[in-house]
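Engineer: First to last, the protein sequences are chains G and W. According to our numbering, the first sequence is numbered sequentially starting from 1. According to our numbering, the second sequence is numbered sequentially starting from 145.
A few of these clues could be false.
Partial chain G-side listing against chain W, Cβ under 10 Å, derived [what the hints assert, rightly or not]: (1) V64; (2) E65; (3) H66; (4) E67; (5) K86; (6) D87; (7) L91; (8) M92; (9) V93; (10) V100; (11) D112; (12) R114; (13) F118; (14) Y119; (15) R121; (16) F122.
Since the hints were made in silico from the structure, they are not lab data. Every residue, glycine too, gets a C-beta built ideally from N, C-alpha and C.
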Amino acid sequence: MAKQQGESGDRDLVVIVGCGRLGALLAGRLSQAGRRVVVIDRREEAFNLLPAEFSGFRVTGDAVEHEVLRAADLAKAGCLIAVTQKDTLNLMVAQVARLVFAVPRVLARVYDPRKEVFYQRFGIETVSPTELTADALVEAVGLG
Amino acid sequence: MRILMVGQGELAYYLARRLSARKHRVTVVIADHHEASALAQRLNVNTIAGDGTDMQVLDNGGARRADAVLALTPHDEDNLAICQMAKGMFGVPRTLALVNDPDNEEIFHQLQVSVAISATRILSTIFQEEAVFEQIAEIMALAEGKVAVSEVHLDAQSPALDRPLQDLDLPRDALIGGIIRQGHVIVPCGSTRLLAGDRLILIATAESLEAAMARLAGAQR
Numbered sequence: 001m002a003k004q005q006g007e008s009g010d011r012d013l014v015v016i017v018g019c020g021r022l023g024a025l026l027a028g029r030l031s032q033a034g035r036r037v038v039v040i041d042r043r044e045e046a047f048n049l050l051p052a053e054f055s056g057f058r059v060t061g062d063a064v065e066h067e068v069l070r071a072a073d074l075a076k077a078g079c080l081i082a083v084t085q086k087d088t089l090n091l092m093v094a095q096v097a098r099l100v101f102a103v104p105r106v107l108a109r110v111y112d113p114r115k116e117v118f119y120q121r122f123g124i125e126t127v128s129p130t131e132l133t134a135d136a137l138v139e140a141v142g143l144g
Numbered sequence: 145m146r147i148l149m150v151g152q153g154e155l156a157y158y159l160a161r162r163l164s165a166r167k168h169r170v171t172v173v174i175a176d177h178h179e180a181s182a183l184a185q186r187l188n189v190n191t192i193a194g195d196g197t198d199m200q201v202l203d204n205g206g207a208r209r210a211d212a213v214l215a216l217t218p219h220d221e222d223n224l225a226i227c228q229m230a231k232g233m234f235g236v237p238r239t240l241a242l243v244n245d246p247d248n249e250e251i252f253h254q255l256q257v258s259v260a261i262s263a264t265r266i267l268s269t270i271f272q273e274e275a276v277f278e279q280i281a282e283i284m285a286l287a288e289g290k291v292a293v294s295e296v297h298l299d300a301q302s303p304a305l306d307r308p309l310q311d312l313d314l315p316r317d318a319l320i321g322g323i324i325r326q327g328h329v330i331v332p333c334g335s336t337r338l339l340a341g342d343r344l345i346l347i348a349t350a351e352s353l354e355a356a357m358a359r360l361a362g363a364q365r
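With these hints in hand, go ahead and build the complete structure from the sequences.
Structural biologist: This is the structure:
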């Protein structure tokens, strides 16, 4: 997904919004790959999911507030990945990251395939687990 | 007008009541099933129980024919999504969103929201102004708060009474847009004289508001 190894040194930071199973997994992997990572989550307990290999920073707060995004140093990030449980939150954070913090690459997880199609016109890269799972299942049963 | 509202609680109830009393055709999308049916019984409005951030629900609520969509949920991200989909998917001409974090106001404007209202900012502005002038109430803020429309109450101590407006020496960026006198609205001209008890609709930039108030209500209250 968000591999940008060639990115300019200044913006090597990756900000991950949402420290659920996916956010925690991503944070661990990117950390291990040598990226600087900041993870944001509303709930302090969420950070318990972070794996041992995670060596980045944690910010507790609601990513809908600009204050919280500033605390995560978003203006210095080369990439933002929004993977909370809530589609609308991921989409809004991604748009704020682009417009206010000028983050070059933003990705959002969007469960609702209709929203995914709609938001592509706003220049946001979206990943829909629903679509991916459906594709994988269709292929697995040999109907692809 | 056909108005599609997404919201809940007292705000949705009173607003729906007020808008339908003014002959607008109001549909309210409410997340909670019980609240939706209760509202439909209390008011003569259409209600739909469902998630207002779901395109299908907006479509069922008549988004395609709506003249305006009002997004009044307590969550900024939901209000933004509702307005963006209303405009982008269904071509709704006017969208209004409630904003909790005042920092989000400007970004909402950039992202297809026609009107973004931050209750936090309005209340804090009023509070600050109340501390200086007890006779002024901000009605609305335009251009991210750079221009304010305020209502100013003139009492008998006002230094602006019984003189033509053109002699008041108001700041250049302040304008009296209307005078409410005994229930009537007067559109003033240079020779209009202000009377005690008048309520003025004052349009002023943030910088000139204080000087305008000094001319109208007195140096400080």
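Engineer: Evaluate each hint against the coordinates.
Structural biologist: Here is how each hint holds up against the structure:
Evaluation of the G/V64 hint against chain W yields a held restraint, the C-beta minimum of about 5 Å falling below 10 Å. For the restraint placing G/E65 at the interface with chain W, the shortest Cβ-Cβ distance is roughly 5 Å, inside the 10 Å limit, so the hint holds. A least Cβ separation of about 4 Å between G/H66 and chain W falls short of the 10 Å threshold, and the interface hint therefore holds. Satisfaction of the interface hint for G/E67 is found here, the shortest Cβ-Cβ separation to chain W being roughly 7 Å, below the 10 Å cut-off.
The closest approach between the C-beta of G/K86 and any C-beta of chain W is roughly 7 Å, which is under the 10 Å cut-off, so the hint is satisfied. For the restraint placing G/D87 at the interface with chain W, the shortest Cβ-Cβ distance is roughly 7 Å, inside the 10 Å limit, so the hint holds. Against a cut-off of 10 Å between C-beta atoms, the interface hint on G/L91 holds, since the closest Cβ of chain W lies about 6 Å away. Checking G/M92 against chain W: minimum C-beta separation of about 4 Å stays under 10 Å; hint holds.
Interface restraint check for G/V93: the shortest CB-CB distance to chain W comes to about 8 Å, inside 10 Å, so the restraint holds. About 6 Å separates the beta-carbon of G/V100 from the nearest beta-carbon of chain W, less than 10 Å, and the hint is met. Interface restraint check for G/D112: the shortest CB-CB distance to chain W comes to about 7 Å, inside 10 Å, so the restraint holds. This hint holds: G/R114 has a C-beta 5 Å from the nearest C-beta of chain W, less than the 10 Å allowed.
Of the supplied interface hints, the one on G/F118 holds, with its beta-carbon coming within about 6 Å of a beta-carbon of chain W, less than 10 Å. Proximity of G/Y119 to chain W holds as hinted, the smallest CB-CB distance being about 8 Å (cut-off 10 Å). Proximity of G/R121 to chain W holds as hinted, the smallest CB-CB distance being about 7 Å (cut-off 10 Å). With a least beta-carbon distance of about 8 Å to chain W, the hint placing G/F122 at the interface is held under the 10 Å criterion.
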